[in-house]
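Mind docking chain L on chain S? Use the hints.
Chains S and L, in that order, are what the protein sequence lines are.
Going letter by letter, the first sequence gives residues 0 to 312 in numbering that gives the first Met the number 0.
Going letter by letter, the second sequence gives residues 0 to 469 in numbering that gives the first Met the number 0.
By construction, these hints were calculated from the structure, which means they are not laboratory data.
It cannot be assumed that every hint is accurate.
Unchecked claim - Once the Cα atoms are required to be at most 27 Å apart in a straight line, the calculated BS3-like pairs of lysine-lysine come out as:
no., chain 1, residue 1, chain 2, residue 2
1, L, K105, L, K332
2, L, K185, L, K78
3, S, K117, L, K36
4, L, K448, L, K34
5, L, K211, L, K34
6, L, K34, S, K117
7, L, K105, L, K123
8, L, K78, S, K117
9, L, K332, L, K78
Fair warning: this is a prediction, and the values are worked out from it, not measured in the lab.
Listed below are the residues making up each chain.
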Amino acid sequence: MMLGKTAGGLFWMCRYLERSANNARLIEAGSRMAMTRADASDAEWISVLSTANALDGYNERHDEINRTHAIDYMLRDRTNPSSVMSVVDAARNNARMVRVALTREVWEAVNDTWMRLKDALARQVSEKDLPNVLELIRQQSAQVRGALHGTMLRNDIFNFCRIGTFLERTDNVARILDVKYYVLLPSVSMVGSSIDNFQWETILRSAAAERSFAWLNKESGPRAISEFLILDQRLPRSLAFCYINLARNLANLEAEYGETKPCQAICANILQRLTTTDIDAIMEEGLHEFLTRLINDNNGLGTQIEEDYRFAY
Amino acid sequence: MPFDEMFGHGEHPRQPYQTYSDWFQSENSRSLRKKAKEAERAFRRTGITFNVYGREEANERLIPFDIVPHILSNREWQKLSEGIEQRVLALNAFLHDIYHRQEILKAGRIPREMISQNAAFEPKMIGVDPPGGIYTHIVGTDIVRTGEDEFYVLEDNARTPSGVSYMLENRETMFEMFPDLFIRHKVCPVSTYPKRLRRSLAACAPSACTDKPVVAVLTPGIHNSAYFEHSFLADEMGAELVEGHDLRVVNGRVAMRTTQGYMPVDVLYRRVDDAYLDPLNFNPDSVLGVPGIMDIYRAGGITIANAPGTGIADDKAIYSYMPDIVEFYTGEKAKLPNVPTWRCSDPDSLAYVLDNLEDLVVKEVHGSGGYGMLVGPAASRKEVAAFRAKLQAKPDGYIAQPTLALSTVPIFTNQGLAPRHVDLRPFVLVSPNGVDITPGGLTRVALKKGSLVVNSSQGGGTKDTWVLES
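Here chain S stands alone, though its shape is the one from the complex (with noise of 0.2 Å):
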């Protein structure tokens, strides 16, 4: 038995986690970009704005794309619900109201993110700091996931963190893939060139994904990164990792409570979409309009959740 409330406030502290680290890696990600190559630059920071569905936040706030004012927005201003700090704060807001379902390894772990970056974020960030700020989202990420998974009995709890946790991703990735859509096309790369080497990489990195995808000694390519970010079982980022886990976490909760849902249908549906089918036939869908469904789903799903396990009032 556990509150509604409560299920809503550790899915949506897990969310914001998540969405944190997502961040910090987009920035490093477009920032590796715009170093590598200074003409592409404006075009790649509206491509990391983009895909954290900041870009209309952004137009209002500065008239000009650059560097200086992107990283600002996505790290630490609190007009853009997004940014790391905005994300952090409602993370730990959730954490708070959640308390009482949180080991205390959990709750520190949070609360100590919270207080470092708060310090980390008082002050415009330098060129010279970014990395180490980067790096201390990152680690801080690791340090809630550690302690979740270190200390958190699996049950109803457990499952709706991770249910946060796997929608997140999801949203996270396919957005990534869909920002970058038009370099992954065959028919428009050009295939080899330096350019698209780097748009790659930035793919990539931006989910996590550049050292496990060496690991495979696969021949790089649009077809391959899709393939890999979107199907591989193996991969914890791809779409088909998240929907297996979110599958077999609603079936946790089913197994518990003893009810089927109707969010279990809909997970079940895209679960079906990204495990029978081939990188071939997601090319000849269109990859723009398969992302596009998919993450329109992910947010369906999103809302039958908050409905069926009657988050809010």
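Chain L in isolation, oriented as in the chain S frame:
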């Protein structure tokens, strides 16, 4: 010279502090300073913070913690707890009486208008029988001391006393910092409080409860100044922490919205004021409460702790009648005296208070937290003059008390030990099974030299409170 609890009026430590004092002498002050800093970091990490109303930037402030414990001998504690028990039982009897037959009014021991005209009197409670006959499930009795054997009750916090999380966390911090101290002393444990609280609340379950009582803590939410404590207690008790919008009336019970539907709550430990408890019965604008909960309460469907309407018992004007109240209901003289109190509603008292404002402490009858009070000896002429005008405009809104020479306990400063004024709030649980007082409490300490205001909202700090086992 006020009485110092460590050194009395002399240079040698009093008996309860003997062992501590020896230990302290043998410690290196630099390493103690380091420990004090560590304590603060530990508090920040666990997130014990205290939101101060009306100060946006200092939204989450720590209450400073002092590493020198406030120590009471077992004999001193026995004396205190007997007095507190007597007083708390009298408070409950008083509340039952004024919401039923009002014998004390008929006997002329309290003027009728003290009740009928009192904003804290709750007409909706007239004739209501709270489950188990208990009104004040949790009381925080504020005690001050002026000498070796001179203890006074300063306030009866009978609504929703706060601070118990500090009693518990301060002890944990002391354990972590100075484990060796606990080998040298036998200190009564306080960590049993949450279990005792749960047991005490469960013993007051309503007639509608047929199974193991479901206990929930009702909080106004994460922005409330005491939110940490609400979540801490819920956590330690194994109770749910709910907000108003998690609850609604379903099939004649108050039920909470869970992931599996609505589930009835038996005992609600509410940390929300009466006025916000039920928008249908009290303040209609409240979003913190539960519409209709009072109707369920009256029908015996839920226990509300503390009961609505208990505020009348810790009203500062009623306070002045406490010696009479204790005698009327227990047939005994009060074991713990009141601080002498002038009711400014009385013209003679008012005249005296106005003549002696510079020497008195004047408090708002309905105020709390050290707001809206005047500490005569510490106030500037301008402040005294301003307060005089307020007092003359609304005399019945105030009481006055002499400035007691409150006892001091040393705090640890960069210059070594320095005496500071303290008060003590033990936490008292009341159920049909009796009165249960956890040996210890919240010691609040004024950090400024000479200051008598110990409230955390006014820059006070806290100490661990030790009751020695022998």
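Each hint tested on the structure:
With a C-alpha separation of about 20 Å, the suggested pair K105 of chain L and K332 of chain L falls inside the 27 Å cut-off, and the hint holds. Taking the CA atoms of K185 of chain L and K78 of chain L, the gap is about 19 Å. The hint holds against a cut of 27 Å. For the proposed pair K117 of chain S and K36 of chain L, the alpha carbon gap of about 20 Å is at most 27 Å, so the pair holds. At roughly 22 Å between alpha-carbon atoms, K448 of chain L and K34 of chain L fall within 27 Å of each other, so this suggested pair holds.
Between K211 of chain L and K34 of chain L the alpha-carbon distance is near 44 Å, which puts this suggested pair outside the 27 Å criterion. A threshold of 27 Å between alpha carbons decides the hint, and for K34 of chain L with K117 of chain S the separation of about 25 Å falls inside it, so the pair holds. With a C-alpha separation of about 21 Å, the suggested pair K105 of chain L and K123 of chain L falls inside the 27 Å cut-off, and the hint holds. As the CA atoms of K78 of chain L and K117 of chain S are separated by approximately 49 Å, the hinted pair breaks the 27 Å bound.
Of the supplied pair hints, the one linking K332 of chain L and K78 of chain L holds, its CA atoms being roughly 14 Å apart against a limit of 27 Å.
Consistency note: the structure conflicts with the earlier hints numbered 5, 8.
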